[in-house]
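Residue-level listing of the chains:
Protein chains: 2
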Amino acid sequence: MRFDLSGQIHGFAGQLLRVNLSSGKISKEPLDLDVARRLLGGKGYAAYVLYNELRPGIDPLGPENKLVFMTGPLTGTPAPLGNRFCVCTKSPLTGAWLDSHCGGSWGPELKWAGYDGVIVEGVASRPVYVSVDNEDVRINDASWLWGSDTFSTERILKDRHGSRGIPRVAGIGPAGEKLALVASVISEVRAAGRGGAGAVMGSKKLKAIVVRGDAKKPEDLVADPKAFGDAVKKAHGKTGEDFRTSVRKRGGLVIMGTANIVDGINEAGGWPTRNFQTGMFEHVLDVDGMVFTQKLWVPPESPGRRPCWNCTILCAHLGIVKEGRWAGTVTEGPEYETLWAYGPQCGVGSREAIARADYLSDYYGIDTISVGNTIGFLMECYEKGLISREETDGLDLRFGNADAMVEAVEKTGQLSGNLGRLIAMGSKKAAEKIGSGSDRFAIHVKGMEFPAYEPRAGQGMGLAYAKSDRGACHLRPWPAGAEMLGWDGKDPRTTEGKAKWIKDNTEDVASAFDSSGLCLFISFAINADDVYDMLAPATGFSGFTNAEFKRIGERINNLTRAFNVREGFSRKDDTLPYRQLNEPLPVGPCKGAVVRLDEMLPEYYLFCGWDSEGRPTAAKLKELGLDFAIG
Amino acid sequence: MRFDLSGQIHGFAGQLLRVNLSSGKISKEPLDLDVARRLLGGKGYAAYVLYNELRPGIDPLGPENKLVFMTGPLTGTPAPLGNRFCVCTKSPLTGAWLDSHCGGSWGPELKWAGYDGVIVEGVASRPVYVSVDNEDVRINDASWLWGSDTFSTERILKDRHGSRGIPRVAGIGPAGEKLALVASVISEVRAAGRGGAGAVMGSKKLKAIVVRGDAKKPEDLVADPKAFGDAVKKAHGKTGEDFRTSVRKRGGLVIMGTANIVDGINEAGGWPTRNFQTGMFEHVLDVDGMVFTQKLWVPPESPGRRPCWNCTILCAHLGIVKEGRWAGTVTEGPEYETLWAYGPQCGVGSREAIARADYLSDYYGIDTISVGNTIGFLMECYEKGLISREETDGLDLRFGNADAMVEAVEKTGQLSGNLGRLIAMGSKKAAEKIGSGSDRFAIHVKGMEFPAYEPRAGQGMGLAYAKSDRGACHLRPWPAGAEMLGWDGKDPRTTEGKAKWIKDNTEDVASAFDSSGLCLFISFAINADDVYDMLAPATGFSGFTNAEFKRIGERINNLTRAFNVREGFSRKDDTLPYRQLNEPLPVGPCKGAVVRLDEMLPEYYLFCGWDSEGRPTAAKLKELGLDFAIG
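Quick mapping for you: the protein sequence lines, in order, are chains A and B.
At position 416 of the first sequence (counting the first as 1) the number is 416 in our numbering, and the numbers step up by one without a gap.
At position 64 of the second sequence (counting the first as 1) the number is 64 in our numbering, and the numbers step up by one without a gap.
Do not take every clue at face value.
Quick partial rundown of chain A residues pointing at chain B, CB under 10 Å, derived from the structure [claimed, not checked]:
no., residue
1, Ile156
2, Gly162
3, Thr331
Hints were generated in silico from the structure; no laboratory data involved.
From a predicted model like this one, the values you see are computed outputs, not experimental measurements.
Heads up, the beta-carbon is just placed ideally off N, CA and C, and yes, glycines get one too.
The shape of chain A in the complex, shown without the other chains (with noise of 0.2 Å):
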């Protein structure tokens, strides 16, 4: 499939960065605008790379991957929340596909020195960072910022690199470096936090890409001035308008954060408590959205709070311990994912035990949801004496002992003893290697941890985990609005027209949005059809329709799925814990539901035009335009 394409590039910068650490070489290649229109940016045109430069079979954490960091057309552009940047590789934690996506400044200001996306191949034979000013790209040594924590690595790598305008940092701490399967990328004390894509950097010993840029302004990014204005202009209208986005009526997002469905999950039965063994927190309102405000975070109106780059909803929340064991503690959050994963999923009511385990998580740099929810299957591991405290070295790892989860959760930082290194290499691992039939509620899928959302009370939500390219995720799609809090009215009980919704109205769209370079917050207020209003004249495309946007969802899901089936995944993958499809659900709207999930993956199959294997069928594939991925 070929587009006509004017010269002038629009809402693209319309150059990679292409930096082989085994070489030393560092190349600028321009934006293929024929793959940018077929996958837009993102985790699209990431696939794009991947599929085609990974040979399959390779080892993740080996010198044959590759990193590939990229923005959207709308990243650093004017338009609201388009501030993403994702980082693509082949998962140490899955060994499947990874796509990790991540706020701050980080990603507009790649755009702005001039690059849509950095690939990163090869290993350096020392430790080294990457910076980029602009024009001038280097691979600096960092042997000696090695073993720094994020924080330390933030602070030394912008004050030496930020003469004119605070540079940006993309970086790891410990945990990357020491190759820890759940370590994150941190920037901007955020995480692109799943899969362990800090893993990958650790392997290639790069510590941090810092990146400053002014080349380009948001403004000049893009193509139709007069359209993309009107176009965000009424996206601002409808996120000042939904009660979840708007500042003005002092939305829940605004408010609460993400926690802000801490209550409504709980009593759907649906917020995973004790490692998933039930659905609902007895300790909820010491650790709900409402009492973190009161509580733990700086105030709504506060200038202390630290949205990410042109943000309107503002669901970034600074978080001060102000009393007690860990007072000091300064942490960016925690958001819904992070306070359930130290919290219920350990048994934990303490918000400042939970703030603490945050605030450590992202100095080390490990991903919150895995981390944590690898705890918890360890403390249910440790109450059923499958694990001593011998091989927990030492610690009363009982559900509710806020002390060993905080303890547990600085030695998986540091991968220190046995149970650091138990923690960091995920719930599937460290299943395998303590026997005895724990692998039945080791809670994940594909090896990734599921986050805060039990599926036995929302069965899309099942499909949902069961079948994501990446393991279990709740953002591909989020079902939980529809199905827990009622938000669009789906019975979460019912399998019956859930496998359609999942990949039509949902999936689909979730991976449009992604790849754009919108913060999928976005989409509790705008839909597909706004983004298209945006995306048409920023980016200037010539006969670029509403109904293509909308196949590109489609389009990037068949990638990733085609690169998945390459690497020896199939339907035997897409299933869920025996928990899960098995122990009935004991509390809560959905007691006694297990996830009916035969009832909706062949279903799922048919309509994703996929054979009963799961696999893409040749004809989908060419439908899509992506022959070069039929097997």
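Add chain B to chain A, keeping to what the hints say.
Frame of chain A, contents of chain B only:
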């Protein structure tokens, strides 16, 4: 005394900021050039302000106290090491005069913004921070930031004010907020550490001062560029030759930082160990400069070192703990004083524990010298049974217990438990609380704890501690090089000639250096004449002679002495602890010695032109042009 002043101001910015936190009034006032001629900047100018504006007998933590942040005329000029500012106030730790100095980049930035200093008055009704961006000066709400550690404070405020280059922050952590008498002011991971200036900031509810400036350029600050350039070149030549400061010759400060003197001081029997019970540490080789260089710090040639602005001797070292319990800890240091305070003073030979304690001290904003000294004091109390394990909150506070030492530092930063609150009041007040004769081995002068030199191993050091304006200080003057390291061949055991040497050749010179804005460490390589050669063309003061410059130090020392006399200090306070005066030093070349203070102090007073009670005579004050200070 009046000087003939030309209209154009050089060296100085020519303007002071005055910020009244009670009324919210911000005013700018011209620098008094007559005062600047007589006392230069920094400590000297601040002493003039505080002597004239503070009523005697006020509560240091009450609304009447003031804080003066002051630079010197060479701060921010191209003079090497011209980067210092000081924080001056009435000390809450001692009740006496306090000037506490700091490097980094904050001082130069303030000068470039157009101000020589900031005078802070009153008390804010709720937490605030002051922002200075050239002409634009504001008092901003900081309620949201209250409770934050110093690293987060810097990070968050830099991000908020960093659109045009990196602003510089000087602020306090939780300890200052909670009025710990050992609270420091932290800027760029450097400290204006001693005497509790951080508590004064806390009492005023002033979290930080953020500064960004480019109204003035370093070169433009200088009156006579040619003569100044020649003097700077000469200074560079000398620092490039000296065995301590030369980068080319891999000088001691360059390779090992201030820790380069550890072995020498220990061999002199002057390295206080286990609360000054002895003067040599058996684990010295685990914590000397060479082993820190080999095991903890980034290499001397590394780009990771972060010197102060325009520093050419590079004493600052970046330390990263790579293994063990505190792996991932990043610290700038530890300096000689810090590694002593948390090392031999507590009987601790673990580099990692010392580095961790250093980090925590910066994090919470507490003075490493006073805190480590006080912990050592309490360890002796604990071993002697004067405080119980209950009073240490369960810590086994024996000498050598590294974990307990680190925990005690953390508790101090938080003022948590009985132990944290006890340490936070410093050794003098802690001894008063403990009683039982513990004051005999509470090692302080005027309430300020000794640093890392045992005066029984150097009589001049004993006099220096006893008479110093701010309490036991090793820098006004620093006789250790001459007496203990043999650099200028002074017999440590004799008292003969020490009074005059301390006064004329070291003390007055140190004060003149300090008030110039230069870092004292350049005095290893250049002398007062060299400073004069830079100062005269920098300021362009007409008729400013070398002789006059040398008098400035004496003038400053008389003015701070007059300040203390007015506060009720006299000869009885110019003394040393019982231990130093009565218990013979058990080891080393000075084995058997006590400090024979009575052989030096009266003579010292005589050379100073002070009466037998240590009060400056009217004649002396008149001679120095300090008529206003005649009691």
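Status of the hints after comparison with the structure:
For A:Ile156, the interface hint holds, since its Cβ comes within 10 Å of a Cβ in chain B; the closest pair sits about 7 Å apart. Here the hint on A:Gly162 is kept, as its CB sits about 4 Å from the closest CB of chain B, short of 10 Å. Hint status for A:Thr331: holds, given a least beta-carbon distance of 9 Å to chain B, under 10 Å.
In summary, this structure violates none of the numbered hints.
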